[in-house]
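S.K.: Okay, here's what each chain looks like letter by letter:
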Amino acid sequence: MIYNWKRIVKNCIPLLTITICIEIFAGQILQGNQQKLFLIPIFLISIPVVNGVGGNIGSILGARLASGLHMGYIELSIKDKNMHENFFTSILLGFISYLILAIIIYYIAYFGDIRLSVGLMEFAFVVVCTGILLIIMVSLISVFTAFWSFKKGLDPDDMVAPVVTTVGDTLGIILLFFLIGVVGA
Amino acid sequence: MFAKEMLKQSLPLIIICGIGGVVTGNTLGAMIDILKEIPGLIVVIPAVIALRGNISTALGSRLGSAYHLGIIDAENLWNIELKQNIIGSLVLSFLMSLIIGVLAYITSLALNVHPDPLKLLSIVILAGVLSGLILTFLTIIIIYFVFKRGYDPDNITGPALATFGDVFSMLCIFGSAVLIGGIN
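Just so you know, the sequences run in chain order V and C.
Residues in the first sequence are numbered from 1 upward in steps of one, following the working numbering.
Residues in the second sequence are numbered from 1 upward in steps of one, following the working numbering.
These are computed hints drawn from the structure, not numbers from a lab.
Bear in mind that the values here come from a model prediction, so they are computed numbers and not experimental data.
Any given hint could be a false lead.
What the hints assert, rightly or not - Simulated coverage check for chain C against chain V, where a stretch passes if three residues somewhere in it have a Cβ under 8 Å from a Cβ of chain V:
hint : segment
1    : 18 to 32
2    : 87 to 94
3    : 119 to 132
Stated by the list, open to error - Taking lysine-lysine pairs in the DSSO-like style, the calculated list, with each CA pair at most 30 Å apart, reads:
hint : chain 1 : residue 1 : chain 2 : residue 2
4    : V       : Lys-151   : V       : Lys-36
5    : V       : Lys-79    : V       : Lys-151
6    : V       : Lys-10    : V       : Lys-152
7    : V       : Lys-81    : C       : Lys-119
8    : V       : Lys-151   : C       : Lys-4
9    : V       : Lys-79    : C       : Lys-119
10   : V       : Lys-10    : C       : Lys-119
11   : V       : Lys-36    : C       : Lys-119
12   : C       : Lys-83    : C       : Lys-148
13   : V       : Lys-81    : C       : Lys-83
14   : V       : Lys-79    : V       : Lys-152
Glycine residues also receive a C-beta, built at the ideal position from the N, C-alpha and C atoms.
In isolation and in its complexed conformation, chain V is listed as follows:
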């Protein structure tokens, strides 16, 4: 027997506890701003999309960097060209994804009889700007985590996804409220 449930539980508890603490922090930010969200429900609906896409792109970037580092075509240098290319493609990928999804969310809300109180342009602006800022931050964290764990002899494949999705959730919520404030909705 290779796997033992007690060992699985023991190995997973520390990292899961840390991620939970950060997610509870994100949850408290939501609770503190819930009046705003209930007033403009379309932003409440957007939260899982904003966070999900950010986490996905960060994880894909991390997995690609990990493979590159393992295979040796990406070097541990902030000047590495392949790393730059992956970084900027992630931002482009984020821009296209957020734009498409913002339009989908808006029209689902429009036809689903959800109170809008913002226009499509305004809404798409908030989601795409939140998304791009989030992707830039998440990608920086992804590069840092991948390089740092590789340097320490840890497998970046194990580290990047949980770190990036957890930090991404919190940053996503903070940035969304910031951008809602900028537009003044």
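Dock chain C against the given chain V, drawing on the hints supplied.
M.R.: Positioned in the frame of chain V, the structure of chain C alone reads:
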């Protein structure tokens, strides 16, 4: 040259996962009345969703490694290794849900919000364990078909389980909140 291929292969997957996010978001939108009624409930949502994703993708990832190590395959699926993995995931779901409930209650008190501790804990634990059972069942089905077709589980289980995890954990929070919120 690598980057162009990244854009082409990842964009469809991200949009599909994003649509999973839209379903999750609309469930959240439909919960506004319950969220107003049960203080503290909104606090646990990011944690329960993230927990589900982390436990399920780790399970999928371990089963992927088990497949590569040759200790599990489509013909020899329901064996002791799989059972240990399932028990581990379910115990983690229960324990971590309990911690989420306690932390959400304490931090809410500190911020001068007063949730009903029993109600909040029951909702989180029910949602955590229920979504754990559903996701474990889904993982076994996905992994069976992936093995059967000879795909590399590492390419499939991560995004698939993360997306299903989001949708089902949100639905389970909704269901548990309606069920337990209704009991006074």
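S.K.: Against this structure, judge whether each hint is valid.
M.R.: Structure-based check of all given hints:
1. Check on the segment 18 to 32 of chain C: 11 of its residues sit with their Cβ under 8 Å from a Cβ of chain V, so the three-residue criterion for coverage holds.
2. Coverage of the segment 87 to 94 of chain C by chain V holds in this model, with 5 residues showing a Cβ closer than 8 Å to a Cβ of that chain against a need of three.
3. Residue count for the segment 119 to 132 of chain C with a Cβ under 8 Å from a Cβ of chain V: 0. That is fewer than the three needed, and the coverage hint is violated.
4. Under the criterion of a C-alpha separation no larger than 30 Å, the hint pairing Lys-151/V with Lys-36/V is inconsistent with the structure, at around 44 Å.
5. Between the alpha carbons of Lys-79/V and Lys-151/V the distance comes to roughly 16 Å, so the proposed pair stays at or under 30 Å and holds.
6. Taken as a hint, the Lys-10/V and Lys-152/V pair is honoured in the structure, with Cα atoms around 23 Å apart against an allowance of 30 Å.
7. Of the pairs offered as hints, the one joining Lys-81/V and Lys-119/C is violated, with about 53 Å between alpha carbons and a cut-off of 30 Å exceeded.
8. Only pairs whose Cα atoms come within 30 Å are accepted, and Lys-151/V paired with Lys-4/C is accepted, the gap being roughly 28 Å.
9. Restraint check for Lys-79/V and Lys-119/C: not satisfied, since their Cα atoms lie roughly 53 Å apart, outside the 30 Å limit.
10. Restraint check: the Cα-Cα separation between Lys-10/V and Lys-119/C comes to about 28 Å, which is no more than 30 Å; the hinted pair holds.
11. Only pairs whose Cα atoms come within 30 Å are accepted, and Lys-36/V paired with Lys-119/C is accepted, the gap being roughly 25 Å.
12. The suggested pairing of Lys-83/C with Lys-148/C holds, with an alpha-carbon distance near 19 Å, which does not exceed 30 Å.
13. A hinted pair counts as satisfied when its Cα atoms are at most 30 Å apart, and Lys-81/V with Lys-83/C does not qualify at roughly 45 Å.
14. Distance restraint check for Lys-79/V and Lys-152/V: the Cα-Cα separation of roughly 20 Å lies within the 30 Å cut-off, and the hinted pair is therefore satisfied.
Hints 3, 4, 7, 9, 13 from the earlier list are contradicted by this structure; the remaining hints agree with it.
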